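Use these hints to put chain B onto chain A, whose structure you have.
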Amino acid sequence: GQQLNQSPQSMFIQEGEDVSMNCTSSSIFNTWLWYKQEPGEGPVLLIALYKAGELTSNGRLTAQFGITRKDSFLNISASIPSDVGIYFCAAGINKFYFGSGTKLNVKP
Amino acid sequence: DAGVIQSPRHEVTEMGQEVTLRCKPISGHNSLFWYRQTMMRGLELLIYFNNNVPIDDSGMPEDRFSAKMPNASFSTLKIQPSEPRDSAVYFCASSFSAGQETQYFGPGTRLLVL
Chain A
1 GQQLNQSPQS
11 MFIQEGEDVS
21 MNCTSSSIFN
31 TWLWYKQEPG
41 EGPVLLIALY
51 KAGELTSNGR
61 LTAQFGITRK
71 DSFLNISASI
81 PSDVGIYFCA
91 AGINKFYFGS
101 GTKLNVKP
Chain B
1001 DAGVIQSPRH
1011 EVTEMGQEVT
1021 LRCKPISGHN
1031 SLFWYRQTMM
1041 RGLELLIYFN
1051 NNVPIDDSGM
1061 PEDRFSAKMP
1071 NASFSTLKIQ
1081 PSEPRDSAVY
1091 FCASSFSAGQ
1101 ETQYFGPGTR
1111 LLVL
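Chains as they are written, first to last, in the numbering used here: chain A, 1 to 108; chain B, 1001 to 1114.
Extracted from the complex, chain A is given alone in its bound form (with noise of 0.2 Å):
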């Protein structure tokens, strides 16, 4: 089946620190995804990108659609310690593939 390629698998990293994190796949996709979740509760949209190259912002976070419409990365700037969870990549075009996730530790 079709798979998506996310890392890293994890990081350590400190308060403060930017973070960047990506997705990539042999096959093209319409649409990109990436959700935050957070122990306990379901996977929350943090951003939806639809264009190929489109890049798009949600407070401190930015992702961008690649042009190749085969990846995408995400990026957190100034990270805080409410920034710790797992944040999974998904696409899709008449249904969506997740990514196996990358959990963020934050120490304050």
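Some clues are possibly wrong.
Computed list of lysine-lysine pairs in BS3-like fashion (alpha-carbon distance at most 30 Å, straight line) [unchecked claim]:
id, chain 1, residue 1, chain 2, residue 2
1, B, LYS1078, A, LYS107
2, A, LYS95, B, LYS1078
3, B, LYS1068, B, LYS1024
4, B, LYS1068, A, LYS107
5, A, LYS95, A, LYS51
6, B, LYS1078, B, LYS1024
7, A, LYS70, A, LYS95
Worth flagging that the hints you see were computed from the coordinates, not collected in a lab.
Please read these numbers as outputs of a predicted model, since none were measured by experiment.
Chain B only, in chain A's frame:
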């Protein structure tokens, strides 16, 4: 507005028992998705419905799993008989359509089969 509602939030059952998970999508959404999340396999799409009709059930692991959507505001995922390897968190999500529209997830049902 209420988000996707799932019940129960937690379920503990014994192997061989029937398990029914319930989902109420966001009002006005036409598509509903059932996912399973485990440490080993991550988030897997089990089945999705569009306008109450099952469109793709290729992710349903076995005949022991079945899903129904009798109307636009309710869906069930049933496991009969349940097995320990079915232990996972089951999420329901909904969207305006099954195409490019983004999906909104419920809080999940944490299932433990002993």
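**Prompt:** Taking each numbered hint in turn, which are not upheld by the structure, reported in ascending numerical order?
**Reply:** 1 and 4
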